[in-house]
Amino acid sequence: MGTSAPSAETPIVMLGRQGNRRLVLAADAAARAAGLRVGMPASKAQVLVPNLQSFDLDAPGDAAALDRMALWCLRYAPIIAADPPDGLIIDTTGADHLHGGEEAMLEGLVSRLAASGIDARVAVADTWGAAHACARFLARPTFIVPTGQAPAIVRGLPIGALRLPHEIISGLLTLGFERVGDLEAAPRASLTLRFGPELGRRLDQALGRRGEPFEPVRSPEIIEVRRAFGEPISAAETIARYTGKLVTALCEALETRGLGVRRLDLVFHRVDSRFEAIRAGTAVPVRDVKRLTRLLTDRIETVDPGFGIEVMTLAATLTEPFGARQIISSLVEEPEPDITDLIDTLSNRIGEQRLYRFAPVESDVPERAIRRVAPTAPDDGTNWPGDWPRPPRLLAHPEPIETMALLPDHPPVWFSWRGIRHRVARADGPERVFGEWWQRDAELIAVRDYFQVEDASGERFWIYRAGDGEDPETGSHKWFLHGVFA
Amino acid sequence: MGQPAASPAIAALRERIARLEGGPARHRAALPFGVPAIDRALPGGGLALGALHEVAGGRNGAIDGAAAALFAAGIAARTKGKVLWCVTRQDLFAPALAQAGLLPGRVVYVEAGDEASVLACFEEGLRHGGLGAVVAELARLPMTASRRLQLAAETSGAIGIAIRRWRRQTEATDFGQPTAAVSRWRVSALPSRPLPVPGIGRARWQLELIRVRAGESADFEVEACDDKGRLALFSDLADRSPAARDGDIRALG
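Those sequence lines, one after another, are chains A and B.
Mapping of the first sequence onto this note's numbering: position 84 corresponds to residue 84, and the numbering continues sequentially without gaps.
Mapping of the second sequence onto this note's numbering: position 196 corresponds to residue 682, and the numbering continues sequentially without gaps.
Take the hints with a grain of salt, since some may be wrong.
Said to hold, decoys possible - If you want a taste of the chain B side facing chain A, the calculated C-beta under 10 Å gives, among others:
#1 Ala-559
#2 Leu-578
#3 Phe-579
#4 Gln-585
#5 Val-593
#6 Glu-597
#7 Gly-599
#8 Glu-610
#9 Gln-663
#10 Ala-675
#11 Trp-691
#12 Arg-699
#13 Ala-710
Said to hold, decoys possible - Covered by chain B, according to a simulated footprint, are these stretches of chain A (three or more residues, beta-carbon under 8 Å):
#14 43-49
#15 274-285
#16 345-352
#17 361-371
#18 388-396
#19 418-431
Just so you know, the hints here were simulated from the structure itself, not pulled from any lab data.
Just so it is clear, the structure is predicted and the values come from calculations on it, not from any experiment.
Don't be surprised by glycine CBs; every beta carbon is placed ideally from N, CA and C.
Here chain A stands alone, though its shape is the one from the complex (with noise of 0.2 Å):
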């Protein structure tokens, strides 16, 4: 819309057409704090509010931006599914651990979708039905529900969460059914017979108590094998044995491309029309048969196979060119052993972000001197100046003790920390650290004093002084525990 987009305030809604008659089918958070509410007629909501915005709501546009955010989704997990008319489902199973954990992996995904202005409400749950209700009526704008307890919290939701037609839902508050649960005590048998057979599946699928398969997205260009059973197998072994064949299938494939493999994905179709998947990631690009097999067959146990695994596809979702290298043979040097394959196989165990380097940081401060790369990131060979002594434990916030110090340089002549007192025998300093004042304000004048300091028993700490000694502008001359040298 470029420059004539209306501002955040303005009331938008989106108008359609039901029947014969012209509805508000979308509204935004300015309209709807102003009354306006989905299912309004359009002339009565031009009336409540006047310098109202409207558009046509392009139904066929809608799905489309749908299905491309499902594929962008393909980040997060192998199996995922537009949920129309403003839903994704993503089954999760095999893949939140690469992201930390399920509740790290929805904050990740609702602050990616605000960066691009998509207001998005995210719930994880043990089924579709469930998941769907809690992320419309619960989530603010996460919701994990614990496993297990799904039905308990879908009982007291309102019979809205049910994914029912609107006629059903009125038909139903009409007769005074207002939550999940008062619909679940009622027989089944005479609201069928009013309402039809949509209002038990719905019921049961958002408890849980029947499945509901769905198809997942797949980017046409992903390069894709797959391997269908005449009989289902189950046996751990057998889908190992499978899953080295298709690894063999897909690197032939690759190679014809020149490509090599930085994430895959291994999905099983089960018989009872319900998907398992692996996902397994490599730090540099890959198309080695074995790695590759290793990396899938380590994690076989997380699947379930239920009552057998029909179709298996594994499928090279991200790839990148991988060339013949040629490798220089030396007399005098051993080329550095390659140990890409060992961080691949701990990455897809206990989470990437779990495996890092420290690098240094051209700052004093010495909790802000080291950042975390990539474990194969290259090694520009930098070190850290060496000429003040540090730590080798240093603790993650500094710990107040209580001191018995003369001012303004010396170093204390005990200290307690912990309960324990300690008698300095040794000790050395003052290193001054000054505060980041181009960086950060408040650190204008800010002064750390820090000394190494031995008690009677050899034990040696690093200690600090906040402030300069002199002036209280400096710190508060408070001694605090930094570090623990042995």
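Following the hints, complete the assembly by docking chain B onto the known chain A.
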């Protein structure tokens, strides 16, 4: 002590025992400390490669594991190749390890979250074969787990160092339990030598070799790792002759 055998009969017996213990001969290579007194106490003239070693701190070091970490860093610094360091929660300060010679570009840290994952990552690292040393910080090391780790280290030839670290002092009695580790060390801080000027000299450690396979226990007073990860034997007189230094070794029995 692992001195050359006195008689050919004993040498032949040792040969047979080594054959029974299995493992190709190349895995019996060792990484010398460069301190003759310590290397003499270790069979093979140094810390065995392709083996699991245990290190713990003494007194408060059992909880903070600071000296033990530096000792392990010093050993890892003298190996070749990358180093994998597995912890439950991260509280290492990498600049200190760099000061012990273990440069930041060589260490890959694994923050595994719980002990079981640390053990799994430790074993995976030892099995890999491309690493110089694998270090893991563990509170519990059961016999079965240590046996698996030892076998994994034997297949690859990497040095495995288990830093034993506990939450409470009372739990440190676990260090007396038998494990399959080839050697077991305890590092405790000693008061450093007073300098003629105000300040602190090089840190000193009481290094106890509590147990070593096919060797006798001993303890040493050493000066902590320098910037290349080397220890130095401490002596009251700076210019004592090497022969007199042997007196520092006392058998614990």
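To see whether the hints hold, each was checked on the structure:
1. Ala-559: 7 Å, holds
2. Leu-578: 6 Å, holds
3. Phe-579: 4 Å, holds
4. Gln-585: 5 Å, holds
5. Val-593: Constraint on Val-593/B satisfied, holds at 6 Å.
6. Glu-597: 5 Å, holds
7. Gly-599: 7 Å, holds
8. Glu-610: 6 Å, holds
9. Gln-663: Result: violated, 25 Å to nearest chain A Cβ.
10. Ala-675: Constraint on Ala-675/B satisfied, holds at 4 Å.
11. Trp-691: Since chain A brings a Cβ to about 7 Å from Trp-691/B, closer than 10 Å, the hint holds.
12. Arg-699: 27 Å, violated
13. Ala-710: 7 Å, holds
14. 43-49: With 0 residues close enough to chain B, the hint is violated.
15. 274-285: violated (count 0)
16. 345-352: holds (count 4)
17. 361-371: holds (count 3)
18. 388-396: holds (count 8)
19. 418-431: holds (count 4)
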